[in-house]
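A.B. asks: Sequence:
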Amino acid sequence: MYCHTGASHEVGAIVTRFAPAHRYVIISDDTVAPLYAQRIVQQLPPHATHLLTIPVGEQHKTRSQWSALTDAMAQRGVGRDTTVIALGGGVIGDLAGFVAATYMRGVPVVQIPTTLLAMVDASVGGKTAVDTQYGKNLVGVFHQPSAVIIDPALLASLSPALLRTGLAEMIKHGVVADVAYFDAMRAALPTIAARGAQAPQLEALIAGSVRIKAAVVTEDTREGGMRQILNFGHTIAHAIERERHYDMLHGDAVAIGMVVEAEMAERLGLAAPGLRSAIAGAVASAGLPGSPPSNVSVEALLSATYGDKKVRTGLVRYALPRAVGVMDSAEGLWSVPVEDATVLAALEAARATPTD
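Under my numbering, the first residue of the sequence shown is numbered 379, with each subsequent residue one higher.
In short, the hints are calculated from the structure, not lab data.
Ideal Cβ placement from N, Cα and C applies to all residues, glycine included.
Check the hints yourself; a few may be wrong.
[Said to hold, decoys possible] What follows is a set of in silico ranges between Cβ atoms, one per label pair, in the way DEER data are often shown: (1) Ser537 x Asn673: 22 to 28 Å; (2) Pro715 x Glu388: 43 to 49 Å; (3) Ser707 x Ala572: 18 to 24 Å; (4) Asp449 x Glu677: 37 to 43 Å; (5) Pro568 x Ala650: 24 to 30 Å.
Please construct the entire structure, taking both the sequences and the accompanying hints into account.
C.D. replies: Here it is in structure tokens:
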């Protein structure tokens, strides 16, 4: 894991050390590639490096794009002695990782995230997947990257909205694992809101967020237990994304999901009153939404949660906090089944007291 300003200028040396190959395939999108792809290409063997791009957006993280990319690699004669380099946000990280995991039964992948959300979330942990019409990330495998190269300088080209959406996952990391980090995030949010990528605290907070996620993933690489705490906020978030046809930024949906799921934790008696307020306050300070979209009914959102991967024995399970920094272990299961009535009540409560 390399996380420091200027790391993107060290790609050649890092890849040569951790994922040397006969050929390199850089997978990016048509927004990021014009900005940064040439910087990466120049650090790799010119006659053995291929750049493949897809249109930008979650709606393109599909099986058809996976098929097109793997076909393009095969047409170029790319073999098993190849390293895939994912250059982009979370969509590219997930899709390129899935390509690497499945092409010729698996080739190495190096992640170079270019958004804050991807830096602190998608690039770390080895989850790869594509979406289907029935839900998000339903087809995928675990495939750990050979290296993750995080250069906060790349955030300079990010829009305020895309920078802001990454803050949701950073807030989440504090909630699920580290109250001191949560407090540091909350203290820094006004400066980050004002200065964006130029905020002096941002690089250290990115590194801290990555350390939290990496520590959780190391404990549970395949999400069979403790790693499920990282799903906090995501069951409701995925339902929102599905019902909005993926036109909402992922971090925005996660922010809403955290507020709603914290409300659930309070209603179930797992968390003391005040947890939802603390999380909603951080969400609002980041400029993120905290209430479900007004153009989607709470009943539709409830129904959409049943398309999530976390349904067991007829009920949707949620990773819920007991307090900031402490998640409910559910006797080692790390997620609890929640009745539909509680979910609906939490959605209604979040809608009645918006934070945005």
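A.B. asks: Now tell me, hint by hint, if it's right for this structure.
C.D. replies: Each hint, compared with the structure:
{"no.": "1", "hint": "Ser537 x Asn673: 22 to 28 Å", "in the structure": "holds, 23 Å"}
{"no.": "2", "hint": "Pro715 x Glu388: 43 to 49 Å", "in the structure": "holds, 46 Å"}
{"no.": "3", "hint": "Ser707 x Ala572: 18 to 24 Å", "in the structure": "violated, 38 Å"}
{"no.": "4", "hint": "Asp449 x Glu677: 37 to 43 Å", "in the structure": "holds, 41 Å"}
{"no.": "5", "hint": "Pro568 x Ala650: 24 to 30 Å", "in the structure": "holds, 26 Å"}
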